[in-house]
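So you can see what is in the structure, the chains are spelled out below.
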Amino acid sequence: MAFEHLRTLYDYRNLIWTLAWGDFKQRYKNSVLGYFWSLLEPLLMLVVLYVVFSNLMRIQVEYYQLFLLLGIILWNFLSRATSMGLNAILGKPSMVQKIYFPRDILAISSCITALLMSIFESLVFVAFMAAFRVPLSANLIYVPLVLVLLFLVALGLSLALAALNVFYRDVQFIWAVVLQAGFFATPILYPVTIFGKELQRIFLLNPMAHIIMAARDTIIYSTPAAAGSLLYAGVAAVLILLIGYAVFAHYEPRFAEEM
Amino acid sequence: MSVIDVEHVGKVFRIPHEKRTTVFEALTGLLRPTDYETFPALRDVTFSVEEGEMLGIIGENGSGKSTLLKILAGIMRPTSGTVSVNRRLTPFLELGVGFNPDFTAVENIRTYATIMGLSKREINDKVDEILAFAGLETFRDAKLKNFSSGMQVRLAFSTAIQTDPEILLMDEVLAVGDMEFQQKCMDVLNRYRNEGVTIVFVSHDLGSVRRFCDRTLLLNHGEQVALDETDVVIDRYVYGKMAEEPVAPAAEAASRGNMKVEITGVTFFNKFGAESTRFNAFDPMTVRIFYSARERIAGPVFGIALYSERGEHLYGTNTELKDVSIGYISGEGHIDLRIDRIPMLAGRFLLTVAVHTHSGERYDWQDKAYSFDVIPTGRDAGLFDIPCIWRR
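Chains B and D are the protein sequences, given in the same order. Numbering-wise (our numbering), the first sequence opens with residue 1 and increments by one. Numbering-wise (our numbering), the second sequence opens with residue 1 and increments by one.
Fair warning: there could be bad hints in the mix.
Unchecked claim - Here are the simulated DSSO-like cross-link-like pairs (lysine-lysine), alpha carbons at most 27 angstroms apart as the crow flies:
| hint | chain 1 | residue 1 | chain 2 | residue 2 |
| --- | --- | --- | --- | --- |
| 1 | D | Lys143 | B | Lys25 |
| 2 | D | Lys322 | D | Lys271 |
| 3 | B | Lys92 | D | Lys322 |
| 4 | D | Lys143 | D | Lys184 |
| 5 | B | Lys25 | D | Lys184 |
| 6 | B | Lys92 | D | Lys120 |
| 7 | D | Lys145 | B | Lys29 |
| 8 | B | Lys29 | D | Lys368 |
| 9 | B | Lys25 | D | Lys368 |
| 10 | D | Lys271 | D | Lys260 |
| 11 | B | Lys29 | D | Lys143 |
| 12 | D | Lys143 | D | Lys120 |
| 13 | D | Lys322 | D | Lys260 |
| 14 | D | Lys145 | B | Lys92 |
| 15 | D | Lys322 | D | Lys368 |
| 16 | D | Lys126 | D | Lys145 |
| 17 | D | Lys260 | B | Lys25 |
| 18 | D | Lys184 | D | Lys126 |
| 19 | B | Lys29 | D | Lys120 |
| 20 | D | Lys145 | D | Lys120 |
No lab work stands behind these hints, which were simulated from the structure alone.
Given only the sequences and the hints, what does the whole structure look like? Please build it.
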């Protein structure tokens, strides 16, 4: 079943890419600074959060700017992918009601659009890395794996949200609140070690915490990702993806009539 | 060999009395039983389409035609029954799916062609051809939002027909556009048919259905009424409806005549001898005028006059002009006017019926009190058919 579906998706790869790239272009089509808005957004966020948290909260972390920026970029990807994923079905009524292709293509392509935007953003991060002369190490080979896990989490959530949003329109408002809370509940601004052992355990239930920590370890601090973190994030990502697909498959047959 | 098999397909839409579209409503709604009406859009539809065949689907608005197409296309799932499609299927339910006004003509061609299942290489090869066919070569890099709607339709159509379907589903896409565009559509349809593409064609245009479709399925309120040779089914559709009650003349009896003879009704009969108010162009028709004479009336003259819907007087005749003399009438009776071939092409026509004396004194006169519809069977334009042939 799953294998067959993957083959079908492979046959539709051209469509997935065309839709994703089209959305990406569309986003910047009518703005003067074009793609550079993408770079500006995380930079502005970085400046504000850096000023507040390095002075006010007195957080002592090596390469705090990079620590913060990487967290922001990774979280932004999840936030953007799921927010766009929410409307993947509802936002394209004619593609759902007038033609047939596997509907998850719409969710997949919206996640890829978000990925394209994030790749662009990460140019800022690369520039920072160079400016701070952060040493690189062979541990970077973990990075693709971490990013794949992040993508799977985003895709699983997008699938479930896209399907639910067709039937319950306030899912989008609820999700906005969840993302807002998640930004502060995930160790993006602070290292999880500022908390006591008990509290840490609760924070580390969040798979995004593990993904962001693993990314920081390997990219900024030249240490291998913790095997426990990777394993936990991997299992969580696969579970989220499976649940997302199950929710999507449950609602999918009624998309066309419910919209 | 059949390429589409539809077996006992039913589709029921649930229409909730209060639509729960928010989570809050869904949660509070759990306590109360869901209150909804069901609307059967399709009931027990069974048919199959042979390879290379062209099947028409006709029926009134709301009879389930589009729902059936969407089920065939996989867009909706049937509530009951099974559908199996054994060939690559291309739906033309709407032209220009995924068109983006901010993108250029070429960009939109690429996106739309991809959605319609063309490969990258095919698209690269065909972009110029598509633009040429749409007559939009000079607008290659213009944004779609600056196109007129006619240009957009042409662009969409030119792109859509580049697909290489094995089964084609066509909804009313042909209903848009001007005469020239419709002609292009028909040519393409013909080309596909000659190439042996299996086509399922939904249309209100009975003329096109008659010209193209081998067999036709008639739906009425979601039920399969007939599935047979196209001519048979269209006759069934046109003549199957019960004759509508003619609108009673509002005029006062006094303005109608002295009512010594009253016209009590008019019915139209089709070629099968059944009552109808809809007729195929060029079919025979019988107009039966029922009268009731209060006393013995000698030498009455019955007449009719025919008007277009806009009130233009098209034709008039009576028994006297046709040298038919009626000795006398008394009591109830009827008189028939037999039309061998309805010469009108299409539209609604109004009928005036009258009975009067030789000198023109009215017994009864009902102005445009009855009407019937003529359904087109050919493609000639205008109000009337003129028998003619071309020669050179």
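Status of the hints after comparison with the structure:
| no. | hint | verdict |
| --- | --- | --- |
| 1 | D:Lys143 - B:Lys25 | holds, 14 angstroms |
| 2 | D:Lys322 - D:Lys271 | holds, 23 angstroms |
| 3 | B:Lys92 - D:Lys322 | violated, 66 angstroms |
| 4 | D:Lys143 - D:Lys184 | holds, 25 angstroms |
| 5 | B:Lys25 - D:Lys184 | violated, 34 angstroms |
| 6 | B:Lys92 - D:Lys120 | holds, 23 angstroms |
| 7 | D:Lys145 - B:Lys29 | holds, 13 angstroms |
| 8 | B:Lys29 - D:Lys368 | violated, 61 angstroms |
| 9 | B:Lys25 - D:Lys368 | violated, 62 angstroms |
| 10 | D:Lys271 - D:Lys260 | violated, 33 angstroms |
| 11 | B:Lys29 - D:Lys143 | holds, 11 angstroms |
| 12 | D:Lys143 - D:Lys120 | holds, 22 angstroms |
| 13 | D:Lys322 - D:Lys260 | holds, 23 angstroms |
| 14 | D:Lys145 - B:Lys92 | holds, 18 angstroms |
| 15 | D:Lys322 - D:Lys368 | holds, 21 angstroms |
| 16 | D:Lys126 - D:Lys145 | holds, 23 angstroms |
| 17 | D:Lys260 - B:Lys25 | violated, 82 angstroms |
| 18 | D:Lys184 - D:Lys126 | holds, 18 angstroms |
| 19 | B:Lys29 - D:Lys120 | holds, 23 angstroms |
| 20 | D:Lys145 - D:Lys120 | holds, 25 angstroms |
Going down the numbered hints, you'll see the structure goes against 3, 5, 8, 9, 10 and 17, while the others check out.
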